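A.B. asks: Starting from the given sequences, assemble the full structure and let the hints guide the process.
Here the sequence shown stands for residues 0 to 366, where the numbers follow numbering that gives the first Met the number 0.
Because the hints were derived from the structure by calculation, they are not lab data. Quick caveat: nothing in here was measured; it's all calculated off a predicted structure. Note that CB positions come from ideal geometry on N, CA and C, so glycine has one too. Certain hints may be false.
[Unchecked claim] Ranges between beta-carbon positions, derived for each pair:
| id | residue 1 | residue 2 | range |
| --- | --- | --- | --- |
| 1 | Lys47 | His276 | 29 to 39 Å |
| 2 | Thr250 | Asn182 | 36 to 46 Å |
| 3 | Pro253 | His79 | 18 to 28 Å |
| 4 | Leu86 | Thr66 | 13 to 23 Å |
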Amino acid sequence: MSDQLVQNPWSSKFKGSGKHRFVFPVIIFFILLIVGEFYVKWDPYYHKVFVAAAKHSIGSSIVSGKTDIAPAVGIGAAWHYAVTYFLAIWQALVVGIVVGAAVQVLLPSTWILRLFTKRSFSSVAKAGVMALPGMMCTCCGAPIAAGLRESKASVGSALAFWLGNPVLNPATIIFMGFVLGWNFALFRIVFGLFLVFGVSYLADRFTGNKQGENWSMRFTSEKTIDATDLFSDQRPIWMRFFLQVAKMSVTMLPAYIIVVLLVGGVRAWFFPVLGPHASGLLWLIGLAFAGTLFVIPTAAEVPIVQTLLHFGLGLGPAAALLLTLPTISAPSIAIVWNAFPKKALFFTAFATFLVGIVGGLVGMVVL
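C.D. replies: The following block contains the structure:
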């Protein structure tokens with residue numbers, strides 16, 4: 000039997016041919032991805048669609064329950080929100096960290112270089128489209144976006160993947176249609192396309208990602224370069240994978256948990272008691288800002304907005320929340336803080352806030 004057949008494919012010294020040496024790790028990557036997505040996203044959301052269609056509801060607001068008043072600011076509010084939030088997302092967060100590590104270790108680096116390194120709208124578009132089956136919330140998709148950045152994906156493509164998961168989530172849009180109305184779903188799609196593809200592309204141009212250009216030019220000029228030549232590591236792949244999972248957990252989770260506690264504890268400031276005129280410009284701007292910073296599980300913006308509309312929130316502020324709540328948050332920024340240029344993160348947050356305001360103004364007219 001040849002050496003190629005008897006050697007361990009998990010070893011960094013595996014001597015398979017250039018086309019076949021990464022087959023086994025790639026298969027493991029797709030098994031992890033598909034099984035994880037099916038368990039935490041695809042199967043639960045398939046059944047939840049029928050609930051949304053039958054009941055025109057997918058649950059109560061995570062902010063205030065069935066009332067219009069969020070709990071008073073304090074440690075109790077922080078703890079209660081953090082527990083409720085993490086019980087809702089922990090499985091998806093585990094999948095996000097595992098897949099984020101797998102992107103860096105199990106996939107040939109040349110794949111990422113070929114698909115996502117160029118500073119072009121094509122790279123942004125490919126990443127945004129590939130995000131659609133992910134259906135992750137902004138925090139659970141953040142480790143995967145960080146993994147793409149570590150594998151030399153451009154700022155724009157990694158952002159498009161990150162934002163595309165929550166903003167253009169097909170399940171969320173279907174829930175929105177059944178619960179809030181299909182005009183809201185169409186509104187989300189139109190503005191969501193700009194948030195994912197437009198903001199990501201503009202952020203890439205704004206940051207001047209020279210590193211991505213250098214890697215793209217290097218890959219173009221060295222077509223035969225092997226992935227292990229780019230990122231040489233003599234440790235077995237299985238060891239690198241588990242070490243990467245541990246590294247991402249240690250570097251990302253502490254700050255993430257702290258920020259979740261902070262925003263959960265002060266959510267009464269983000270979502271004050273609705274007044275008799277909760278439909279004006281100040282409400283719109285305030286809730287667009289709140290939605291940009293606040294953190295929610297996947298699709299939680301739907302019951303939040305449904306509850307607030309029931310208690311008198313205007314269509315403009317509601318539209319702003321539908322655009323800003325899922326897109327980005329202070330905790331998700333904490334997760335990717337070391338993976339993206341700081342000005343790219345600030346630009347994305349500010350652009351999300353502005354799109355929320357513009358969308359809210361449009362929503363006053365069309366919704």
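A.B. asks: Could you run down the list of hints and mark each one as holding or not?
C.D. replies: To see whether the hints hold, each was checked on the structure:
| no. | hint | result |
| --- | --- | --- |
| 1 | Lys47 x His276: 29 to 39 Å | 35 Å, holds |
| 2 | Thr250 x Asn182: 36 to 46 Å | 42 Å, holds |
| 3 | Pro253 x His79: 18 to 28 Å | 20 Å, holds |
| 4 | Leu86 x Thr66: 13 to 23 Å | 20 Å, holds |
Violated hints for the displayed structure: none, as all numbered hints are satisfied.
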